[in-house]
Amino acid sequence: MKASIGGYAQAETVAHAIALLGEAGGEGRILAGGQSLVAALNLGTSEGDMLIDIAGIAALRGVKLDGDRLVIGALTRHCDLVRDPLVGEHAPLFAKAAPLVAHDAIRNRGTIGGSLAYADPAAEYPACAIALDAAIILEGPDGTREIPARDFFTGLFETARAEGEILTAITVPKAQDGERHVIREGTRRAGDYALAGLAVVMRDGRHRIGAFGLGDRPLLCQGAMAALDQGDVDGAVTALAQDVDPPSDAQASASYRRHLAGVLLRRIAADLGVAP
Amino acid sequence: MTIRFDDPNRPNSYIGRTVPRPNAGRLVAGRGRYVDDITLPRMVHVAFVRSPHAHARIGAIETGGAEALKGVLRVFTGRDLAEVCTPWEGKLLHLEGMKTPPQHPLALDRACWVGEPVVAVVGRTRADAEAGAALVEIDFGPLPAVTDIRTALDADTPVLHEALGDNLCFRKANEKGEVDRIFAEAHKVVEASFKTARHTGVTLEPRVILVDWNSGDGEMTAHVSNQAPHMLQVLLAGHLDIPESRVRVVCGDVGGSFGLKVHVYPDEVATAAIAKIMERPVKFTSDRMEAFISDIHARDHEATGRVALDETGKILGFDVDDWTGIGPYSIYPRTSAVEGLQVTNLIGGPYAFDHYRCRTSVVFQNKGICAQYRAVGHPVAVAITEGLVDKAAAEMGFDPIEIRRRNLVADDAYPLTTAAGLKLEGLSHHKSLDALVEAMDYAALRAEQKALREKGIHRGIGIASFIELTNPSPFMYGIGGARISAQDGCTVRMDPDGSVVALTGITEQGQGTEAIMAQIVAEAVGVSPQMVRIVTGDTRVTPFGGGTWASRGAGIGGEAALQAGRAVRGQALEVAASLLQAKAGDLDIRDGIIVDADTGEERLALSEVGRIVYFRGDTLPKGLPRELMQTRHFITSNYPYAFTNGVQASYVEVDTETGFVTLLKHWCVEDCGRIINPLLVDEQIRGGIVQGIGAALFEETCYDEEGQLLNGTMADYLVPMSGEMPDMIIRHVETPTEESELGAKGAGEAGTAGAPAAVMNAINDAIRPLGGAVTHMPFTPERILRALGTITD
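As given, the protein sequences belong to chains Z and P, one line each in that order. Residues in the first sequence are numbered consecutively from 1, following the UniProt record's numbering. Residues in the second sequence are numbered consecutively from 1, following the UniProt record's numbering.
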């Protein structure tokens, strides 16, 4: 099927992109790496989109430190996350998650901002973002605002981003000494969306668990987190089954996904050395 | 003169060697020409409005909106095309009792599956045509859908085609011996049920056709991604009322076919009909979403089977009841009954036993049409057979290798006719099994499995012996009235400089046909393969033939090439003998030079023979033929099919907590008769194994109970990918067929035939100690955990 778009414009700056969004009359769509959007256009899932290409905005690229937080620009690609030294030191969860995203060709173009804004519930980064207690930076006609990742993802492919806003960066607290990051997922084939996955951050003896593929959005698994904080792995697995609300589809039933999540949690607990 | 195939040092010994593929350089250089690469003057594009319903009455069709759109040229309904194109029925006369209704290029009164083409919109570009298609309004009246196989014949199931009376397309029972008595009296009877999942071929290049009608010449030219150009020529001519000589079908580069491109598709015939009406070139390129709903599907089988054995583990008989759903129409012209029919022939194929019963019931459904796909029926029959044999071995305490040794047909027992009625010329099951055991170091693998089991690591070894039908005679289709050629031909022509052009009826779709033909012709004539240009896939110039399918290219097309090449060699030697005042029998052609056959002394360049024949025929004796061009056709006659055999093994690790399977290694020992190009045969086996693994672990076309397709993209229909594939060790045994001088049987489907059973048996070997078994493909992590009882809700 041929993509049917309403128009295309290259934005030169963030302000320019916001202005273009405003002019698009609700049809504006931000094009970054294009690895989900272009596929969706070719599937004919929407038409008439006014594409605003932000790939040339240098200010959205790159990773930097800002006080006790790491700022990852929206255009930072999956392949950049794998090898960026700042990410490796301060947010290794993203460096571990990036190789799990699709395949090389996609990782060379796809961006973290695009993945977060698209909010696929089976994608890795949104779950990592909530496990890391990250904040999403949005810029719009009324200025810049910051929103905690756990509040950003509001439903199936839905976020708190307003129509005229652009996701420009994600910030995460710098990893502390002794902090541990683990991500595990189950996929039928390497690079597929996960049947179930968990991203876990252990910080100061406390755990934050972000689940993906296990609900209509990335889920912060608070019951399992509390049990794991107590060193109660069995209790965490039992609580996790309540924390998640997985879908059934042609790949696997909700029962299987729930079970797989429990297995992954046990393995992560073992990775982290939590007593069984 | 016969070729001494056993002597690798014979002159011109290209047959049996790995030589570079002559067409690879062109493809790697980006100079391939697939149908979608072709743009003709005045060319337009067609897009189809397809049924969104599994079953619906077609009411009023409103085309005004589409016709008013800028860029849309014409809109056609089924009635429009029915005026220039006759309908077809996919039936074979020798399949007694077979039923299927007439099928038109576009549905007339009812749509019968999600994806059936209903309206065609022609636009200046594909985008224009699609935009027009989106504006066509069809008043569909939804009807109840038939989707379940086992209840398709129940009284309270709606009848899909009222005129046919019921939903049974075809039923056949193959029975020999005293099955009921043997099973009642046997020491051991083992029973199991099996499902092979409906899946499809997923060619890299989708279906594409570009048809032009030149009304001045009264000639139709169809460029099409297809593997049977002469079949399509004849059928387009028949249904569009054109003399066959004025239909030219051109199959240039084809990006994979796997049987999927050997059928007549309504959208492709519609494209031809539209070209004839509009008198201009019309292109249809299927996109990937269309492919999943309009390409043929296959393997939608459910079966129960049992095997009877005596106390020594000797198999006494098989008894299988197979059911298969084929969608709403039997495919044209091969029929959709052949897959089930093959199951009734192939159960127990490798084994010696006397009592046999296998019935297949082929039923209609409101899903995509099922038809021949690589290794037709074999993966189903091999899975049932080998699943039962392994289950029997486990229950009786035999090692899987040992029970096969006790039951495989002896290598010196041929020729023989099996209980299922198959005539076998010569197979090598025991030699192949011995080679497999050696290649995989079976004993060491078992020891490793045992040691790891104690550490909680569950690995399994699965074995699958099989036979494979290749080189079909007219007994497959011709006797049923189908205009599908079982013979094939080759024309070999020497040009003045001694280089050679060979035109063949078999086709290249990526597997290396042109490479093996170049080798055969090179050896037959006595020139190097670089001096041979192969021409395939153009019905205007190539000898009438069948094309490449059912593993027939090498065995049948190859023999025709060998004989045509030998004939040209004979002509060249006759001229040379005259020039040299020698006897033709004392001369030979080696690497393009006429030599003294005994001493190898060079006498005359082949180019000199070409110069004299073509430019100075006046210098030759009167009456001496001045010809360097010959055509030969070949057809098998002693056996209906050349069966091959082989055995595969799979080594897997099952994560019993998650249900995930890791493929550790795969082996195949295969006997395809004379091997023409070892590397190409190995690649065929490997590619076939990958598709078999796809069936075992990944591929499934899922429909809901209303007949809606649930997975129609590459994101949710899982094809096997390299990351999950194991290393594969391929070995060969060579038992040439004596039907031909070449001795080649087919090699293209063996990998697919045996791999699913090998993987299934390996998984079951891994999980058997935990008390589970899987027989429902694909073996998803969830199905494995359900078999283990880990998930119950």
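Treat the hints loosely; a few may be bogus.
Stated by the list, open to error - A few chain Z residues that face chain P, going by a derived Cβ cut-off under 7 Å, partial list only:
#, residue
1, Met1
2, Ile5
3, Pro99
4, Tyr118
5, Arg184
6, Arg188
7, Ala254
These are calculated hints, taken from the structure and not from any lab test. Predicted model, so just to flag it, every value in this text is computed and none were measured. A virtual CB, placed ideally from N, CA and C, is assigned to each residue, including glycine.
Results of checking the hints against the structure:
Here the hint on Met1 (chain Z) is kept, as its CB sits about 6 Å from the closest CB of chain P, short of 7 Å. With a least beta-carbon distance of about 11 Å to chain P, the hint placing Ile5 (chain Z) at the interface is violated under the 7 Å criterion. For Pro99 (chain Z), the suggested interface contact is broken, since its CB lies about 12 Å from the closest CB of chain P, more than 7 Å. The beta carbon of Tyr118 (chain Z) comes no nearer than 14 Å to any beta carbon in chain P, farther than 7 Å, and the hint placing it at the interface is violated.
Annotation: Arg184 (chain Z) was flagged as interfacial toward chain P, and the flag is violated, the nearest CB pair being 10 Å apart, outside 7 Å. At its closest, the beta carbon of Arg188 (chain Z) sits 6 Å from a beta carbon of chain P; the interface hint therefore holds under the 7 Å criterion. Of the supplied interface hints, the one on Ala254 (chain Z) is violated, with its beta-carbon coming no nearer than about 9 Å to a beta-carbon of chain P, more than 7 Å.
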